[in-house]
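Given chain A, put chains B and C in place with the hints provided.
Chains as they are written, first to last, in the working numbering: chain A, 1 to 227; chain B, 1001 to 1260; chain C, 2001 to 2289.
No lab work stands behind these hints, which were simulated from the structure alone. In this text the structure is predicted, and so the values were computed from the model without any measurement. Built from N, CA and C at the ideal position, the CB exists for glycine as well. A few of these clues could be false.
Sample of chain B residues with no beta-carbon within 12 Å of chain C, all distances over it, derived [as the list claims (entries may be wrong)]:
#, residue
1, Ser1057
2, Pro1064
3, Arg1085
4, His1097
5, Gly1111
6, Ala1120
7, Asp1128
8, Gly1138
9, Gly1171
10, Ala1215
Calculated cross-link-like contacts (lysine to aspartate or glutamate; reagent style DMTMM-like; alpha-carbon spacing at most 20 Å) [unchecked claim]:
#, chain 1, residue 1, chain 2, residue 2
11, C, Lys2155, B, Asp1128
12, C, Lys2016, C, Glu2040
13, C, Lys2115, C, Glu2128
14, C, Lys2083, C, Asp2012
15, C, Lys2142, B, Glu1084
16, C, Lys2142, B, Asp1102
17, C, Lys2016, C, Glu2209
18, C, Lys2115, C, Asp2063
19, C, Lys2175, C, Asp2227
20, C, Lys2142, C, Glu2177
21, C, Lys2025, C, Asp2247
22, C, Lys2155, B, Asp1149
23, C, Lys2142, C, Asp2159
24, C, Lys2142, B, Glu1082
25, B, Lys1132, B, Asp1092
26, B, Lys1132, B, Asp1145
27, C, Lys2235, C, Asp2251
28, B, Lys1132, C, Asp2012
29, C, Lys2155, C, Glu2139
30, C, Lys2142, C, Glu2128
31, B, Lys1132, C, Asp2228
32, C, Lys2155, B, Asp1148
33, A, Lys192, A, Asp213
34, B, Lys1132, C, Asp2159
35, C, Lys2175, C, Asp2251
36, C, Lys2155, C, Asp2228
37, C, Lys2142, C, Glu2209
38, B, Lys1132, B, Asp1149
39, B, Lys1132, C, Asp2225
40, C, Lys2246, C, Asp2225
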Amino acid sequence: MIRIENLSKGFTLYNQGGAVIQVMAGACLTVNPGECVGLVGQSGAGKSTLMRMVYGNYLAAGGSILVGELEVTRAEPRQIIALRRQTLGYVSQFLRVVPRVPTLEVVAEPLLQLGLQVPEARARAADLLARLNIPERLWSLSPTTFSGGEQQRVNIARGFAHPYPALLLDEPTASLDATNRAVVLALIEEAKARGAAILGIFHDEGARAQVCDRLVDVTAFTLGAAA
Amino acid sequence: MSIVQRMAPDTPLLQVDGLTKRYGARIGCADVSFDLWPGEVLGIVGESGSGKSTLLSCLAGHQPTDAGRIRFDGRDVLAMSETERRRLARTDWAYVHQNPRDGLRMGVSAGGNVGERLMAVGARNYGDIRGKALDWLGRVEIAADRIDDRPRAFSGGMQQRLQIARNLVTGPRLVFMDEPTGGLDVSVQARLLDLLRGLVRDLGLSVIIVTHDLAVVRLLADRLMVMKSGRVVEQGLTDQVLDDPQHAYTQLLVSSVLQV
Amino acid sequence: MTDQAYNFAYLDEQTKRMIRRALLKALAVPGYQVPFASREMPMPYGWGTGGVQVTAACLTPEDVLKVIDQGADDTTNAVSIRKFFQRTAGVAVTEATGEATIIQTRHRIPEQPLKAGQILVYQVPIPEPLRFLEPRETETRKMHELEEYGLMHVKLYEDIARHGQIATSYAYPVKVEGRYVMDPSPIPKFDNPKLSVNPAIQLFGAGREQRIYALPPFCNVVSLDFDDHPFRATKAAHDCDLCGAKDSYLDEVITDDAGGRMYVCSDTDFCAGRQAAGHAGRLAAGGKA
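Only chain A is shown next, with the shape it has when bound in the complex (with noise of 0.2 Å):
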């Protein structure tokens, strides 16, 4: 479902007198639908760097990124739009949304995106939020007044409303107390077994251990740039 091959990324820095910064080279990697593939490497091996690719969010150097059948790295806009809304869900570490959007509505929106009827969309939103223990009288509110957790939850339950045949997790279980740790990962091992292909970076060893089929360590396509 997502298959990363030869890839190879860099910055350069304009306005730090024309830096460039080489952060990755010759990565490779595949993930099957039904599968959950960590990344692993220490902090600034290029974790977020990689996914930030696969979703797009970042210029590919060189290399490939097929999910599904698109070529990430020679994409037209619209057609990574049409991907993001169809194929690739992505949960970020952080919330960003439009503020005074009430929560409800926020995870909502994939769902109206993709053509659901608000009805539905809603009522699928709500029993997201509701297995995510966010109160229900928080519903109404925006989640940009959130405690982290709370925020992260939202973020989570936006991700997890449309089944997108693929995953991208960012974190997803970070800032969450144990039962709320539990639904999430729940939720991911549902996701496999509908055939979702996911790759995650997981801090916590526990959920890693959980739900991972297999591990790559990004620090091999770093040392690969650095050598």
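Relative to chain A, chains B and C alone:
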């Protein structure tokens, strides 16, 4: 994915090719090319004087261009007669001005403002016109009992929402927006942004939005075009351009935003 | 009788030719506002300088002139213009609508139907019907050119929204021959139906604004309206208190300090004619007027 192909229509709604506008020796905008697809929101950013507003007004036909081609739905816009172009401007196109005073008739009631485009395309039933005006005031969250008030009596945010209703009532396919949230309080901006997002999604609008506010384009635009000195220096997916800018100027622009 | 110090009908022949050219163009393009080089006239703007110039350009020594102001032959404006042409052109004058060949009018169309060969000259204060909502002359000209007349209905919409009905009661906009929207000058909308398919030539002169427009005989003139708020030619719901006419446009006259009032035909010639023929209204014998 076959589903991806199905979602993406085969032809762009707007095709712009080599658009150039000069003011004597000065460049307004030069060699601008892009395609806009149905349902897409394109943001154009750049500092004051970068040519983004010139580009928008050329696209909307508010001023003549010196070179290039604009095709809307397959039709050559620049070769159209003025009658055709102005008809397009009040049916398939809409233009939201930064200052609502430029886009509203301040001496006409809210209902009359919304109804004007309907009457311009031949609506002649008062009851129908009023019904549609009421519906649209509701959609932009203006209370029904304000329908006979003049926009003068409205707040800035309400005026802007009224301008949007007035523009969208004839079901346009392409909307030009020039700094639609400029000059509004941040709290009012947020509400307007949310409203615009909902309308774009529900009506499948294609939008070209000019702004200098990067936060606005991040929330509203699918794609981003960065302009400097009349030229496009970078374009791509909005979050990609903002998070991984490739051009020196874009990097400067992104790094100059104050964090809150 | 003619004051020899002036050319016939006051204006010099070149000026009259210039105005006639504008009139011919106006007749050829019904409802279209033709610019013309309006002259200073020996009367203030607003007193009919446009109408006077059009009349002067049309007058021949054989013409019989009638001048009315709000339907009356005996008000200041009508009297002074009539005297002006008596003195400068020496033409015959009349108060009888049927006898006149040229009728200059301010704010009315005579009740008695006009006939072929007659010319009705209107005095126009503001020729541009779109100006109320769009003050830019460049823009209104463009709107006429491209037939963008939605704005005219906005004005009527505002009327209904505010008053529950179309409250515009004079200078009611019309569309001429399915093309140009035209301001018929401040005639009551009661008179609007008379504009259409009229055997007489109708000429409109706006002196201050330097515009001439025209309706050739028998051209089609439609008052703008909504399907569910159709145009109605309204008048006061009374009969004339002097001649008893049921279908003429009436003036309301306050007769005392106690709220007493009477309604009389605004067309004095029409009213006098009916009274002479033996018709009588509510107050005809009392002679309160």
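Now the hints, each set against the structure:
1. Ser1057: 17 Å, holds
2. Pro1064: 15 Å, holds
3. Arg1085: 10 Å, violated
4. His1097: His1097 (chain B) is indeed farther than 12 Å from all Cβ atoms of chain C, at 16 Å.
5. Gly1111: The claim is violated: Gly1111 (chain B) sits with its nearest Cβ about 6 Å from chain C, within 12 Å.
6. Ala1120: Violated, since 3 Å does not exceed 12 Å.
7. Asp1128: 8 Å, violated
8. Gly1138: 17 Å, holds
9. Gly1171: 16 Å, holds
10. Ala1215: Given that every Cβ of chain C is farther than 12 Å from that of Ala1215 (chain B), nearest at about 36 Å, it holds.
11. C:Lys2155 - B:Asp1128: At roughly 16 Å apart (the allowed maximum being 20 Å), Asp1128 (chain B) and Lys2155 (chain C) satisfy the hint.
12. C:Lys2016 - C:Glu2040: It holds: about 13 Å lies between the C-alpha atoms, which stays within 20 Å.
13. C:Lys2115 - C:Glu2128: 28 Å, violated
14. C:Lys2083 - C:Asp2012: Within the cut-off at roughly 19 Å; holds.
15. C:Lys2142 - B:Glu1084: 13 Å, holds
16. C:Lys2142 - B:Asp1102: Given pair Lys2142 (chain C), Asp1102 (chain B) holds - Cα atoms ~18 Å apart, limit 20 Å.
17. C:Lys2016 - C:Glu2209: 18 Å, holds
18. C:Lys2115 - C:Asp2063: 15 Å, holds
19. C:Lys2175 - C:Asp2227: Holds - the C-alpha atoms of Asp2227 (chain C) and Lys2175 (chain C) are around 16 Å apart, at most 20 Å.
20. C:Lys2142 - C:Glu2177: 19 Å, holds
21. C:Lys2025 - C:Asp2247: Violated - the C-alpha atoms of Asp2247 (chain C) and Lys2025 (chain C) are around 35 Å apart, more than 20 Å.
22. C:Lys2155 - B:Asp1149: 15 Å, holds
23. C:Lys2142 - C:Asp2159: 25 Å, violated
24. C:Lys2142 - B:Glu1082: 10 Å, holds
25. B:Lys1132 - B:Asp1092: This hinted pair holds, its Cα atoms lying about 17 Å apart.
26. B:Lys1132 - B:Asp1145: Holds, because 14 Å separates the two Cα atoms, which is no more than 20 Å.
27. C:Lys2235 - C:Asp2251: 9 Å, holds
28. B:Lys1132 - C:Asp2012: 57 Å, violated
29. C:Lys2155 - C:Glu2139: Holds. Lys2155 (chain C) to Glu2139 (chain C) sits at ~17 Å (cutoff 20 Å).
30. C:Lys2142 - C:Glu2128: 12 Å, holds
31. B:Lys1132 - C:Asp2228: 15 Å, holds
32. C:Lys2155 - B:Asp1148: Holds, at roughly 13 Å.
33. A:Lys192 - A:Asp213: 10 Å, holds
34. B:Lys1132 - C:Asp2159: 18 Å, holds
35. C:Lys2175 - C:Asp2251: Not OK: Lys2175 (chain C) and Asp2251 (chain C) at ~27 Å, beyond 20 Å, violated.
36. C:Lys2155 - C:Asp2228: 16 Å, holds
37. C:Lys2142 - C:Glu2209: Since the Cα atoms of Lys2142 (chain C) and Glu2209 (chain C) sit roughly 18 Å apart, the hinted pair holds (cutoff 20 Å).
38. B:Lys1132 - B:Asp1149: Judged against 20 Å, a Cα distance of about 16 Å means the pair holds.
39. B:Lys1132 - C:Asp2225: Between Lys1132 (chain B) and Asp2225 (chain C) the Cα gap is close to 18 Å, so the pair holds against 20 Å.
40. C:Lys2246 - C:Asp2225: Since the Cα atoms of Lys2246 (chain C) and Asp2225 (chain C) sit roughly 25 Å apart, the hinted pair is violated (cutoff 20 Å).
Violated hints, in rising order: 3, 5, 6, 7, 13, 21, 23, 28, 35 and 40; the structure is consistent with all others.
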